[in-house]
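My request is simple: use the sequences and hints to build the entire structure.
Here the sequence shown is numbered in this note's numbering, starting from 65 and rising by one per residue.
Treat the hints with care, as some may be off.
[Said to hold, decoys possible] Listed below are the simulated BS3-like cross-link pairs for lysine-lysine, each with C-alpha atoms no more than 25 angstroms apart in a straight line:
#1 K729 x K748
#2 K345 x K291
#3 K418 x K456
#4 K81 x K70
#5 K290 x K234
#6 K401 x K771
#7 K401 x K710
#8 K266 x K234
#9 K748 x K350
#10 K81 x K116
#11 K89 x K291
#12 K478 x K515
#13 K290 x K330
#14 K710 x K441
#15 K764 x K478
#16 K290 x K172
#17 K515 x K707
#18 K175 x K291
#19 K734 x K759
#20 K323 x K300
#21 K550 x K666
#22 K364 x K419
#23 K707 x K404
#24 K401 x K707
#25 K729 x K376
#26 K323 x K345
#27 K81 x K68
#28 K123 x K106
#29 K290 x K323
#30 K291 x K106
#31 K729 x K456
[Stated by the list, open to error] Distance ranges between label pairs, derived from CB positions:
#32 L421 x Q522: 39 to 47 angstroms
#33 R731 x T179: 41 to 49 angstroms
#34 M675 x K707: 39 to 47 angstroms
#35 L562 x I775: 32 to 40 angstroms
#36 S424 x T190: 54 to 62 angstroms
#37 A763 x R731: 17 to 25 angstroms
#38 M675 x S540: 28 to 36 angstroms
#39 A315 x N427: 24 to 32 angstroms
#40 I775 x L421: 56 to 64 angstroms
Don't read these hints as lab results, they were simulated from the structure. We treat Cβ as the ideally placed atom computed from N, Cα and C, and that holds for glycine.
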Amino acid sequence: MPRKMKIPINTIADIVKKYLGTIFKENCVIVGPSHFIWTTIKNDLKNEISEKSLYTLVKCNRNNFLSLLCIESSQKAEVSKDINSDFHENSDSHEDFDSDDFLDRTEKEIKFNITLSAEEWNSLVTGDVMYKRKHFLSRTYSILKPGIWADIMHSHFWEQTKFSCSVSYKRAKIYQDGTNYCEFFAACTTCESKLYGVLDNKPSINFRAVFRCTYRGCFNECVVEKKKYMSSRQKKYFLDKIVGGKMSASAARRLEANKIMNFGDKEPSHLPTSNALRIAKCRELKQGREDNDPVLAICKMKNINPYINIIKDIGYDRFFVHYWSATELNVYRKYVKYNKCPTICIDATGSLVKKPLLLSNRNTKHILLYEIAIHDKQLASQYSVSHMLSEKHDNNSIHHWLEEWIRDRAPKPKQVVTDMSLALMAAVVKAFTQFNTILSYIEGCFNCLCKNDLDLPQCFVRSDVAHVIKLITNWSAFRLTDIRVKDFIVRSIGQIILCEDFYDVKNILKHLFWLIYSKTDGTLNNGQNTYAAQGIDFLRKRIATGTIDQYSTASSAHVNMTDDDDSEYEFTSDKNTNHNANCTSNHKKGPFYEAVKEIALKCEQQVEFEMGNHDNLYYLPNIISDILNLCTYLPSWSGIMCKTFKYGDNPPSSAAIESQFNDLKNRVFKHVNSMPMRVDDFLKTHIESLNGTMKLVNAKMISQQSKNDQINTKEKSPIIYRKSSDHSIISNNDRSPIYNELALDDPPYQFTVHENNYQLKKITEDIWCVTTNSDDLIQNNLEIAITNENKQAEGNGSSISVASCLIKRHGR
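Here you go:
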């Protein structure tokens, strides 16, 4: 039994009766299914039935529907006629097109010419096409190029008529021996107006083609603005703008409308709607995706090439992705091998990927991209070697990523530069050093600095200078402070970053605390400068010159300073040892915090009852707590541990990772139409970029290594020179008499060669040496045994490199 209708058939008939005059044209011809009247009836029926169902109900007389409309049987025969068959299928010539039956159903007729340029006509010409039929029969046609000719014809149709009809182009045949060389037929899907075009003769080479066209029908009554279906050619044209050119759908429509329309025209049917363009863009972006769910797509990518060995680990809830390639690891290993102090930078950035929706209907938190970047000074290039996308930003998640990277046989670096993120610093300390917490790492640095402890951390953890300065400038105590006062204090703290001696740091802090603790400034009653005056004078000189020696004792003499006071700032090794022993048992913020806090308390006591002759504009005691907290991590953001580690940049900088993020957002993903993007699309584009970067970096490394090998070969091969009797220099590579004068019994000659210095060095009064290629020595039949070793030479307190060279003559 068929399904029961939602709406009674009588109800439908009552609504349809209202529009019989519009539904049936002359001779009981029913309008097409795309006519607006079916949409009107559908709306009256509250959208319970579709337009095509209504059309079929009337046209096919389902459920004896015409009887309900009170239409006679004689009219039913006309209605049942197949009025939707193509008019050209009932006529094989232009004469049939002009039949009386067609003329009776038209109201107007216009004639115009469509002129195709030589380039347009050449793009439309194609070969023969074979159409297969039943019973193994086939027929060959010559046609215009499919997918192209309809767009070109309709664009010219719009230029000539300015009609917004949605014309459907049926066929375009070429008759090599016919009366007309080419004919095409078309019809409007809304008003059913007919278009016929004919090309009389075949155009000559590089000549235009002129089609005579006739358009007949009720085109003036075509009020439904129905759009044409976008062809593949038109779709590609708009997708190049929207996807490739990062243009919005509405902007693309505006530009196209400006090109094809004049003011006052109706909107053409071949101009797509914004929604159609957005749908086309969405479908274009979906092509090549493994799954509609971005997380499941990554899971599938992990098991297919080329991502099978790049995506290392995936977490669903909480979401994370670890990924790095084998080429990145190989490049990093080469970097560690040829650099004495391998340095990496670690940081994170956001606004790159969208938050995916999980199966539990939970959107993930903001996803950040973590990267390990390197600034290779030998290659003068920057590149990244490991990556993580994660919604968790705690030290355990970061430490897990770093441990997995090390487990993949990545060598540990000697120096790591991060921002001031405690989670990131804690993860780095735990992964690359022998300590488990930041506090234990800080205590270890304090012991090595003040107690000469040999348990040096395995990795030097640094904080980027730019992030430190930004952190200082954002202190809440500066919000209501004059900009000049803020700038002076920030510059004073910035001098601590450049310090490589702990005593120098304490000296700067002492003068800074004098300045910001003092309520008054100027001079005392006895004419002596106040502590604030001494502090600002010291800090001004330090900021201006950046040196220590010329004013390190400038403020040592004060009217109230005694020998006992000076001894408070000597901080000898013994006193620091005792201080550390006391701090480690009581404090929770680290020994450097306690040491700086002791200086602050002492300075506060010294300036408490001091009265100058005017107010101190730099009085800012609220900032003391921020300074103390910052000094907790003093070894990471200053240079006081550089001499202990015997390596490390001062000031530390993570410019390499910031440069990578800038390149990623403004160059790699510049073509992306909207950011943030889907996480699987981001991974594909990012991995492609990384693979290309690694190939270029590896090529640079190979080139640089070949240059270094050539330089090393030259350095290891000396040539001996002597002075002739006429005081000219003679070498053994031009067969000079030195060959005969150097005998087996001669003692070994000693010569000095400085690194990367190829100047002649005096051996005796008439023997000189220089490093060069060894081929010249081989030509003179000399055997040279070279032993390079570093020896300490006592003289002027310098170290020289000494090499011994034994030269023999063959046959002796």
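Hint check, failures only
none
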